[in-house]
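The sequence shown: position 317 = 317 (my numbering), numbered continuously.
Treat the hints with care, since some could be wrong.
In silico DSBU-like pairs for lysine-lysine, Cα to Cα no more than 30 angstroms straight-line [unchecked claim]:
1. K202 - K303
2. K364 - K327
3. K174 - K202
4. K401 - K364
5. K174 - K227
6. K108 - K145
7. K66 - K81
8. K66 - K108
9. K327 - K108
10. K364 - K108
11. K62 - K84
12. K177 - K202
13. K61 - K327
Have a look at the derived ranges for each label pair, beta carbon to beta carbon [unchecked claim]:
14. T416 - Y178: 24 to 30 angstroms
15. R438 - D353: 38 to 44 angstroms
16. G134 - S114: 21 to 27 angstroms
17. Y230 - E405: 35 to 41 angstroms
18. G116 - E49: 21 to 27 angstroms
19. G302 - A247: 47 to 53 angstroms
Just so you know, the hints here were simulated from the structure itself, not pulled from any lab data. Note that the structure is predicted; figures quoted are calculated from it, not measured. Note that the Cβ used here is the ideal one computed from N, Cα and C, for glycine as well.
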Amino acid sequence: MKKRITIVAMVLVLAMALVLPIVLTGCQDRSEILKVYTWSEYLAEGLEEEFEEYYTSVTGKKVTVKLELFDENEMMYTQIKTSKADYDVICPSDYMIEKMINEDLLLKLDDISSYGYEDLVDYRDGMSDLVMSGENSLFKYDYDKESGEYNLYSRTYMWGTMGICYAKDSTAYKNTKYGTYSSMQEYIEDNGWSIFSDPAMKDVFKLKNSMRDTYVASSIYTLLNEKSKYYDQNATVSGALNATDSATVAKIEEIMLEQYKLSKGLENDEGKEDILSGDIDFLLQWAGDALYSMTSLQDEIGKYRELGYYIPEEGSNIFSDGWCIPKYAKNTEAANLWINFMCRPDIAVRNMDYICYTSGVASKEAFDYVCENWESDKADAISIDLTYFFGDDCGFEPVIKIDPEDYEGFITLFPTPEIIANCAVMLDFGDATSDMNRLWRDVIGQ
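Whole structure, please, built from the sequences with the hints as guidance.
Spelled out as structure tokens, the structure:
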């Protein structure tokens, strides 16, 4: 899940991905190169150079960071699985981390204290329990474990929810047959995921150019929205978005095709600008991208529109992206130190500020950053307890007061425990992956 990239930049990145491995191998020792493979625009500016300085200060050695970008988890996976690309550190999403662990494509993280560097501080255990694998995880992660030990292969970088980003000035709701509404916000909040199947919404929304993400909207609507002809009162969010049995999948595929035909197409990144330009009125969106669209992107491109972000009451996906070391890495020491550097509180805050997603690091610095940007002293300010994220024993009181006008934006960054409890994590489709990919090709090939 990522922030932004231009088409031209992506073409350049893909071209570099083809030539860099050949060029780098011939001109420099791999012990002096760290190859980072991550989502586009997913790092604060200047961090590559700062890591190089950090690495030298800790180890006394030099390293050059070579950054390459991917646009989908599956693109990254193919490079590692099929091409055996020797990237040193990657940042997949949760279900892909599970898949790569199961297929022996990841290395365990090192105990960096064994490196013997006097000035090396380990920051990797500063994660919130919310986003860690283990019995206490509110995400209910259980894939990063072995013989009863957890968090051996990854550290969470950013996390968030999947929801609907919409334009509040849209008048599309006036044409719907679902009922009479006074605003787009009221229409969306009353209908949830069913809006992607409303014929009145034809060509005013886009879906994600990703099978797993679009499957969220289709599957949860199919089984958990009362307007669906396949509504199942016994269905669960996790069961819906991870469904692979043939009978259920056939129903979801039918709905997904219906939604695809109503949509104005698929997007992964350009949808943020499409909604601000008025080309569409809503889209399936990750929370960080939604918040970015609601705030700084508008100034950057000079287009202004009041946007909202809504997680339907039926439930949704809650995701995380984590740093891992792939099987064919050539510089594992630098990779482990990169992950450690990304977990350093000040670096985590800078990344969170830049990309508008929520860091997995539960530090006082992170809470201070949140207060600096969101806290209000208004008499009607809403008090929000973030203990669920920062923990009972964090050493400070993680309570913040929010201006009511900012509440919608704030829970995009920090969804309430009630919202989290109504969301589920994507799991690896396992042996059903090829069949599910075939479903996607059949849908978008229509």
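So, going through the hints one by one against the coordinates:
no., hint, result
1, K202 - K303, "holds (24 angstroms)"
2, K364 - K327, "violated (34 angstroms)"
3, K174 - K202, "holds (13 angstroms)"
4, K401 - K364, "holds (16 angstroms)"
5, K174 - K227, "holds (18 angstroms)"
6, K108 - K145, "holds (10 angstroms)"
7, K66 - K81, "holds (20 angstroms)"
8, K66 - K108, "holds (22 angstroms)"
9, K327 - K108, "holds (9 angstroms)"
10, K364 - K108, "holds (28 angstroms)"
11, K62 - K84, "holds (25 angstroms)"
12, K177 - K202, "holds (13 angstroms)"
13, K61 - K327, "holds (24 angstroms)"
14, T416 - Y178: 24 to 30 angstroms, "holds (26 angstroms)"
15, R438 - D353: 38 to 44 angstroms, "holds (41 angstroms)"
16, G134 - S114: 21 to 27 angstroms, "holds (23 angstroms)"
17, Y230 - E405: 35 to 41 angstroms, "holds (39 angstroms)"
18, G116 - E49: 21 to 27 angstroms, "holds (26 angstroms)"
19, G302 - A247: 47 to 53 angstroms, "holds (50 angstroms)"
Checked against the numbered hints given earlier, this structure breaks only hint 2.
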